[in-house]
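> Please work from the sequences and hints to get the whole structure.
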Amino acid sequence: MWKSWKLWVVVLIAFGVGQLDPIGEVYWKLAEWKLPQIKAESLSKPSPFEGIPHEKWIDESEHAFAVNDIHPVAPVHFLVIPKHRYTSILETPPEVVSEMVQLGLKLARERGITDSGFRIVINTNPQGSQTVYHLHMHFIGGRQMRDKG
209 MWKSWKLWVV VLIAFGVGQL DPIGEVYWKL AEWKLPQIKA ESLSKPSPFE GIPHEKWIDE
269 SEHAFAVNDI HPVAPVHFLV IPKHRYTSIL ETPPEVVSEM VQLGLKLARE RGITDSGFRI
329 VINTNPQGSQ TVYHLHMHFI GGRQMRDKG
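Count along the sequence shown from 1, then add 208; that gives the number in the numbering used here.
Simulated pairs of lysine-lysine, DSS-like, Cα-Cα distance not exceeding 25 Å: (1) LYS314 <-> LYS264; (2) LYS314 <-> LYS291; (3) LYS247 <-> LYS291; (4) LYS253 <-> LYS242; (5) LYS264 <-> LYS291; (6) LYS291 <-> LYS253; (7) LYS253 <-> LYS264.
The set of hints was computed from the structure by calculation and includes no laboratory data.
Laid out in structure tokens, this is it:
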């Protein structure tokens with residue numbers, strides 16, 4: 209009979225190779241009820257991006273600035289954030305979105321990830337897993353990404 213620690217080793221290995229994705233889906237289904245509350249709480253407080261000191265900015269344009277992500281998931285992971293707080297891409301003027309993309313592409317070129325590839329991620333509203341209601345784009349690269357939608 210398997211001892212419980214052996215089962216946990218198998219579970220951890222399975223997570224590591226991505227075989228337990230259904231557990232992640234169950235987690236998000238269970239958490240889904242809390243997401244509207246997270247949105248309301250986020251909107252009731254100042255944006256965490258509003259307090260980032262200018263010295264931490266890695267670049268800026270007229271309407272946006274960029275910072276390194278504080279919890280990077282890849283060797284290159286930075287955020288591009290509008291200087292004005294727009295809660296999502298849905299309410300952001302197209303010219304600001306365009307400027308944000310251009311700033312991110314400039315930094316992606318400077319950091320050498322344009323040839324190998326990268327991701328641009330924008331989480332929008334509860335089912336898009338948005339938890340910070342101040343638009344921001346994640347630019348992520350420098351390693352092979354998992355093939356996830």
